[in-house]
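Peer 1: One-letter residues, chain by chain:
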Amino acid sequence: EPEVTQTPSHQVTQMGQEVILRCVPISNHLYFYWYRQILGQKVEFLVSFYNNEISEKSEIFDDQFSVERPDGSNFTLKIRSTKLEDSAMYFCASTRDRANEQFFGPGTRLTVL
Amino acid sequence: EDQVTQSPEALRLQEGESSSLNCSYTVSGLRGLFWYRQDPGKGPEFLFTLYSAGEEKEKERLKATLTKKESFLHITAPKPEDSATYLCAVQEITNDYKLSFGAGTTVTVRA
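Chains as they are written, first to last, in our numbering: chain C, 1 to 113; chain U, 1 to 111.
Rather than coming from a laboratory, the hints here were simulated on the basis of the structure.
No residue lacks a Cβ here, since even glycine has one placed at the ideal position from N, Cα and C.
Fair warning: there could be bad hints in the mix.
Claimed, not checked - Per label pair, the in silico range of CB-to-CB distance:
| no. | chain 1 | residue 1 | chain 2 | residue 2 | range |
| --- | --- | --- | --- | --- | --- |
| 1 | C | Leu30 | U | Ala111 | 40 to 48 Å |
| 2 | U | Ser7 | C | Ile38 | 20 to 28 Å |
| 3 | C | Glu68 | U | Glu17 | 42 to 50 Å |
| 4 | C | Asn52 | U | Glu17 | 48 to 56 Å |
Using the sequences plus the hints, can you model the full thing?
Peer 2: And the structure:
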């Protein structure tokens, strides 16, 4: 059964460093998303991406964040200068039809020291 | 104001003891309501989508129902492997298809 994959599973970084989180969505899906979940809190929407451009972004997704689909399979989230409050689980999701269910990856746990 | 409120926050059940989880939502127009299961340290796993009031979906011991203001996830004769956090999320007609999640209900089923 096709699934969304994410790498790395855990990333530890120093405050102020850049990180890139990687995702491989399900192959025939067209819409891609990033969400995050701070420990003990709700899953929060960050950004949606379709046809090589951002469709919608939340207030969390400021100038420090960017997304890219560098090739036909990968979808990345970059944080330029990490802050302590960026520590969270980051989930990638994808769907073929945006009105239908989104399928989530296993997540990347980002720890900013 | 929270769009999605789930109750209770936590639920401890004996194996075989059926129960229901509630998801109340306040949106201007509902495109869809989604139930996910989340195990500790893992990503949400899709369970059901409901689109209109009166709709019901079933999968094994789980049954989801929808009204105009809330959804219920019924767990019938639960087993220990049903222990997880159950998340409810809504997709609003006015939004660009993003999911807005509730805080979840953590279910623990004791053998």
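Peer 1: Taking the hints in turn, state whether each one holds.
Peer 2: Taking the hints in turn, this is what the structure says about them:
In this structure the hint that Leu30 of chain C and Ala111 of chain U lie 40 to 48 Å apart at CB holds, the actual value being about 43 Å. At about 21 Å, the beta-carbon gap between Ser7 of chain U and Ile38 of chain C stays in the expected band of 20 to 28 Å. For Glu68 of chain C paired with Glu17 of chain U, a C-beta distance near 49 Å keeps the hint of 42 to 50 Å intact. For Asn52 of chain C paired with Glu17 of chain U, a C-beta distance near 50 Å keeps the hint of 48 to 56 Å intact.
Hint compliance for this structure: every hint is met.
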